[in-house]
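Student: This is what each chain is made of:
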Amino acid sequence: MNRATLQVRTQSPQEILDITPRVQAALADLGLADGAVLIFCPHTTCALTVNEVADPDVRADVSHALYALVPAIPFRHSEGNSPAHLLAALLGPSLLLPVEGGRLCLGTWQGVYLCEFDGPRTRSVWIYPLEGQIRSQ
Amino acid sequence: MNRATLQVRTQSPQEILDITPRVQAALADLGLADGAVLIFCPHTTCALTVNEVADPDVRADVSHALYALVPAIPFRHSEGNSPAHLLAALLGPSLLLPVEGGRLCLGTWQGVYLCEFDGPRTRSVWIYPLEGQIRSQ
Amino acid sequence: MNRATLQVRTQSPQEILDITPRVQAALADLGLADGAVLIFCPHTTCALTVNEVADPDVRADVSHALYALVPAIPFRHSEGNSPAHLLAALLGPSLLLPVEGGRLCLGTWQGVYLCEFDGPRTRSVWIYPLEGQIRSQ
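Protein chains in written order, with numbering that gives the first Met the number 0: chain A, 0 to 136; chain B, 0 to 136; chain C, 0 to 136.
These are calculated hints, taken from the structure and not from any lab test. You may find that some hints are simply not true.
[Stated by the list, open to error] Here are the in silico distance ranges between beta carbons for each label pair:
| # | chain 1 | residue 1 | chain 2 | residue 2 | range |
| --- | --- | --- | --- | --- | --- |
| 1 | C | Asp54 | A | Ala27 | 26 to 34 Å |
| 2 | A | Ser11 | B | Pro73 | 35 to 43 Å |
| 3 | B | Glu78 | C | Thr121 | 32 to 40 Å |
| 4 | A | Arg8 | C | Thr121 | 19 to 27 Å |
| 5 | C | Pro73 | A | Ser11 | 17 to 25 Å |
| 6 | A | Ser11 | B | Trp108 | 16 to 24 Å |
[Said to hold, decoys possible] Examples of chain B residues lying across from chain A (beta carbon under 7 Å, computed):
| # | residue |
| --- | --- |
| 7 | Ala3 |
| 8 | Thr4 |
| 9 | Val7 |
| 10 | Gln10 |
| 11 | Thr48 |
| 12 | Val49 |
| 13 | Glu51 |
| 14 | Pro55 |
| 15 | Asp60 |
| 16 | Val61 |
| 17 | Ala67 |
| 18 | Leu68 |
| 19 | Leu95 |
| 20 | Gly106 |
| 21 | Trp108 |
[Unchecked claim] A few chain B positions that, by computed beta-carbon distances, are all more than 10 Å from chain A:
| # | residue |
| --- | --- |
| 22 | Arg8 |
| 23 | Pro12 |
| 24 | Gln13 |
| 25 | Ala24 |
| 26 | Asp28 |
Owing to the predicted nature of the structure, the values given are computational and were not obtained by experimental measurement. Ideal Cβ placement from N, Cα and C applies to all residues, glycine included.
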């Protein structure tokens with residue numbers, strides 16, 4: 000099985016990291032030219048999404064707003080990190096992104112976010128090339 | 000078309016069920032060894048996500064927190080279940096998960112959640128094998 | 000690369016549009032009979048999801064509720080549209096939907112939503128056919 004694994008070290012309890020360059024480098028290692036890439040986060044208090052990476056204030060705003068979303072209700076889970084589980088479930092564990100000419104095919108301002116909700120930790124991100132699925136004309 | 004369908008009976012207005020063993024069994028029925036699996040929920044008040052299944056308190060906490068997220072605004076939809084539509088739209092209708100050696104390839108603590116927001120009902124989950132898409136080396 | 004692009008004109012700062020017929024028409028143009036379709040939104044203040052399209056009140060309710068979700072915290076991003084970035088990150092940029100017999104294979108009440116959070120603008124939606132991935136028996 001052809002899988003690339005990124006190890007991402009987070010530095011704070013909650014933060015958003017731009018991992019776009021590392022995903023792009025993994026595509027080159029995997030030799031994926033055209034198709035799609037499945038990016039999977041095997042954790043339950045960490046998630047992936049896509050948004051603007053040009054202005055770091057956007058990442059900070061989104062990170063703060065996500066935590067502010069968490070309702071002030073009593074939680075049962077004894078580890079005390081139910082807010083992190085909630086946010087990971089909301090954002091979801093995976094992305095499927097198009098690849099053309101060996102490059103992630105994103106919009107002008109888009110990049111791939113790793114969203115840490117229970118750090119600092121070392122997180123894994125699994126990257127699978129789905130090759131030859133998108134027909135060339 | 001090779002599709003497996005699960006029928007899932009929910010018991011409460013809102014609950015989260017761990018359907019991981021049933022998805023795994025469907026993979027065996029479908030004969031998928033390596034690739035990815037598309038899991039699709041054809042409902043608008045029910046959704047799928049991935050999170051911790053080891054401690055049932057996590058599912059309870061996430062379920063309660065999702066409902067607590069719903070803002071207290073007036074809704075127009077005459078069926079009265081707009082909160083369920085909101086939550087289903089937020090979580091999304093589908094998952095794409097990697098499969099290796101005939102097994103769902105998840106993180107240690109991850110499982111597949113069916114999130115019921117307008118039960119009890121009998122829900123369908125469609126499972127499609129995407130075979131041979133992930134290159135073997 | 001075989002990609003169809005929709006141009007979608009939104010009319011309001013925030014709204015949800017049913018783009019299901021346009022996605023279906025693109026599948027016909029692309030000649031996709033069986034497989035899956037990757038629908039990708041290359042914007043950071045706009046997103047895609049699936050929900051009920053039969054009653055327009057559902058779209059209105061979901062749109063209003065999403066904005067009501069945004070927490071009342073100070074945002075740093077100078078463009079002033081951090082709520083739109085938050086909501087786009089929450090909903091995510093892409094959908095993977097099954098296709099059978101040339102038709103989007105959705106539940107009875109489901110349709111594809113384009114969710115505008117920072118309009119009015121002209122938005123692009125990229126549509127990629129993933130053909131032959133779902134085995135026929």
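Student: Each hint should be assessed against the structure and marked as holding or not.
Tutor: How the hints compare with the structure:
no., hint, in the structure
1, C/Asp54 - A/Ala27: 26 to 34 Å, "48 Å, violated"
2, A/Ser11 - B/Pro73: 35 to 43 Å, "39 Å, holds"
3, B/Glu78 - C/Thr121: 32 to 40 Å, "34 Å, holds"
4, A/Arg8 - C/Thr121: 19 to 27 Å, "40 Å, violated"
5, C/Pro73 - A/Ser11: 17 to 25 Å, "19 Å, holds"
6, A/Ser11 - B/Trp108: 16 to 24 Å, "22 Å, holds"
7, Ala3, "20 Å, violated"
8, Thr4, "22 Å, violated"
9, Val7, "18 Å, violated"
10, Gln10, "19 Å, violated"
11, Thr48, "5 Å, holds"
12, Val49, "4 Å, holds"
13, Glu51, "4 Å, holds"
14, Pro55, "9 Å, violated"
15, Asp60, "4 Å, holds"
16, Val61, "5 Å, holds"
17, Ala67, "4 Å, holds"
18, Leu68, "6 Å, holds"
19, Leu95, "6 Å, holds"
20, Gly106, "3 Å, holds"
21, Trp108, "5 Å, holds"
22, Arg8, "22 Å, holds"
23, Pro12, "17 Å, holds"
24, Gln13, "14 Å, holds"
25, Ala24, "21 Å, holds"
26, Asp28, "21 Å, holds"
In terms of the numbered hints stated before, the structure departs from hints 1, 4, 7, 8, 9, 10 and 14, listed from lowest to highest.
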